[in-house]
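Single-letter residue listing:
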Amino acid sequence: MALLSERDAQVVREQLSQLQKKIEIRAYLQKINCDSCPDAEAILKELSGLSDMLEVRLLNPQIEGEEAEADSVDRVPTIVVSDGENSRARFIGTPSGYEFSSLLATIIETGTEKTSLNEKSADFLGGLEDDLDIKVFVTPNCPYCPGSAVLAHRMAIASPRVTSEVIEANEFMDLSGKYEVRGVPRTVVNDRIFVEGALPEDQMIEALDKALAEGSEEQVNLMELLQADQGE
Amino acid sequence: MSRLFVPDPPGEETGSTEADVVIVGGGPAGLTAAIYTSRETLGTILLEQRQCGGLPLTTDIVENYPGFPEGITGSDLVARMKDQASRFGTEIVEFGEVERTDRENDRIVVAGSGREYQAGAVVVASGSVPKKLDVPGEEEFVGKGVSYCAVCDGPFYKDRDVAVIGCGNSGLQEGMFLLDYVRSVTFVEFLPEMTGAKILQDRLRKREGTTFLLNHALTAIEGEDFVESITVRDRETGEERKVEVSGVFIYAGFQPNTAFLQGVAELSSDGYVRTDEEMRTSAPGIFAAGDVRVKKIRQITTACSDGTIAALSASEYLRDGRSKG
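Protein chains in written order, with the working numbering: chain H, 1 to 232; chain W, 1 to 325.
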């Protein structure tokens with residue numbers, strides 16, 4: 001059975017018609033020890049039928065080891081969105097529910113020349129001197145999550161200094177535990193800068209800029225940083 | 001698998017910015033208004049700051065919306081409403097926040113996210129967001145045990161003890177959802193009685209692992225790095241007690257999204273929009289519907305009712321050459 005209604009499929013077709021370059025989705029899946037892989041496969045197969053500009057490759061990291069290594073894949077499902085050169089945005093887990101919209105936005109951002117980020121964000125990314133590793137923890141039923149997920153991916157697509165992973169927190173409780181996830185969305189940058197909830201783009205960039213400028217090795221909560229500024 | 005959500009993005013160059021009616025908010029009230037104005041063949045643009053759906057998006061299951069005897073998930077219900085509005089021609093723009101409303105001659109301008117829309121009439125259905133209680137620890141522990149969205153965060157509390165603050169329909173319904181994951185739920189209600197539907201109360205009382213603290217006020221949320229306990233005060237005896245929990249889900253009322261209406265239409269002291277029975281606000285051509293209005297009963301069905309009335313009033317206003325309002 002089709003996962004998308006005819007109307008939704010048409011909306012997705014129209015959105016994908018914006019693609020200016022071919023997009024390759026490398027989906028690392030395996031048949032055993034992966035409960036969510038069949039769902040991820042079904043979603044990506046459905047998506048691949050909606051645009052000629054989209055190529056979905058289903059890869060088994062055990063068999064296609066070299067590619068898996070090049071993509072630094074250490075768990076399944078991992079879904080890498082690539083235009084051939086830029087492969088810095090990826091999903092760890094199944095992009096179902098609201099995260100399907102994040103996947104779609106990520107594909108379009110990768111496949112079009114123009115960034116959706118505003119000028120301030122572009123300036124910030126252009127001035128980055130260090131690499132940023134962004135992890136965004138999400139759940140499929142969280143309507144607030146795509147905002148944070150897509151912002152992180154847009155930053156990664158716009159800047160070679162940024163990589164981003166959107167992680168389905170329920171599927172990977174080990175990562176959720178390691179990164180102390182008790183609510184979503186939770187964004188973690190370079191394993192030490194974090195924020196709970198979906199910050200708008202301007203606030204996210206402003207707070208991140210400040211946190212990086214402080215140059216400390218301590219844990220930084222971006223929300224507290226913003227509130228401290230408001231209190232001044 | 002969760003239903004795949006497909007957003008309607010702003011139509012960059014092609015999207016229109018002129019309409020007969022602009023609807024602000026894509027919850028049940030706004031979507032119902034859109035169904036009605038579109039069927040009146042009025043050009044309709046609906047603006048939603050995130051994705052359409054409103055509060056039902058964070059509701060596990062809706063059992064009191066007529067026509068779905070087995071219940072329906074909140075997100076499925078509003079997805080159907082959205083499909084219905086689109087089918088009749090409503091142009092839906094998601095991920096666009098409305099920042100201000102102005103009047104220019106006989107047109108009403110709605111602006112935000114770098115775009116401006118003009119309409120002959122506006123229906124405000126911008127809803128409300130969960131209210132913070134401002135108790136010590138609430139802000140500090142957001143994402144560390146304090147949550148306003150059980151369907152988002154419930155699975156992180158598997159086999160733990162949690163508290164639900166507020167025993168209205170939302171609190172009870174989401175408490176029921178949480179019981180699929182957690183070991184126990186302590187329900188805390190400020191009033192002497194629960195206000196949620198009796199059927200939910202009865203079901204929950206039969207479930208193992210539920211405790212009800214009625215007529216109790218939450219006074220603090222405590223812990224080191226994460227929530228470890230809450231303190232509640234018995235409002236009759238004044239006695240305080242600690243309850244050990246890892247999570248606190250807060251469903252204690254809402255506050256309206258009306259910042260963009262300040263100085264434009266009359267609001268109550270707590271920010272809700274005042275309307276008459278025809279959903280007319282104090283500003284001619286601006287109507288309001290749903291949770292954003294001053295009213296007592298806030299249900300999906302009543303939001304739909306408001307949306308219907310607001311749409312037909314807006315239609316009448318446009319037809320009568322704006323002589324009413």
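Any given hint might turn out to be false.
Which stretches of chain W does chain H cover? Using the computed rule of at least three CB atoms under 8 Å from a CB of chain H, they are [unchecked claim]:
1. 45-53
2. 138-145
Taking lysine to any residue and the SDA-like style, the derived pairs with C-alpha atoms no more than 20 Å apart in a straight line are [as the list claims (entries may be wrong)]:
3. H:K120 x W:G112
4. H:K178 x W:K131
5. H:K45 x W:S2
6. H:K45 x H:P61
7. W:K158 x H:G177
8. W:K158 x H:M173
9. H:K114 x W:G96
10. H:K178 x W:E228
11. H:K114 x W:S2
12. W:K131 x H:G197
Hint data in this document are derived by calculation from the structure and do not stem from the laboratory. For glycine and all other residues, C-beta sits at the position ideal for the given N, C-alpha and C.
Taking the hints in turn, this is what the structure says about them:
| no. | hint | result |
| --- | --- | --- |
| 1 | 45-53 | holds (count 3) |
| 2 | 138-145 | holds (count 4) |
| 3 | H:K120 x W:G112 | 18 Å, holds |
| 4 | H:K178 x W:K131 | 30 Å, violated |
| 5 | H:K45 x W:S2 | 16 Å, holds |
| 6 | H:K45 x H:P61 | 18 Å, holds |
| 7 | W:K158 x H:G177 | 12 Å, holds |
| 8 | W:K158 x H:M173 | 11 Å, holds |
| 9 | H:K114 x W:G96 | 19 Å, holds |
| 10 | H:K178 x W:E228 | 19 Å, holds |
| 11 | H:K114 x W:S2 | 31 Å, violated |
| 12 | W:K131 x H:G197 | 15 Å, holds |
Going through the hint list in order, the structure does not satisfy hints 4, 11.
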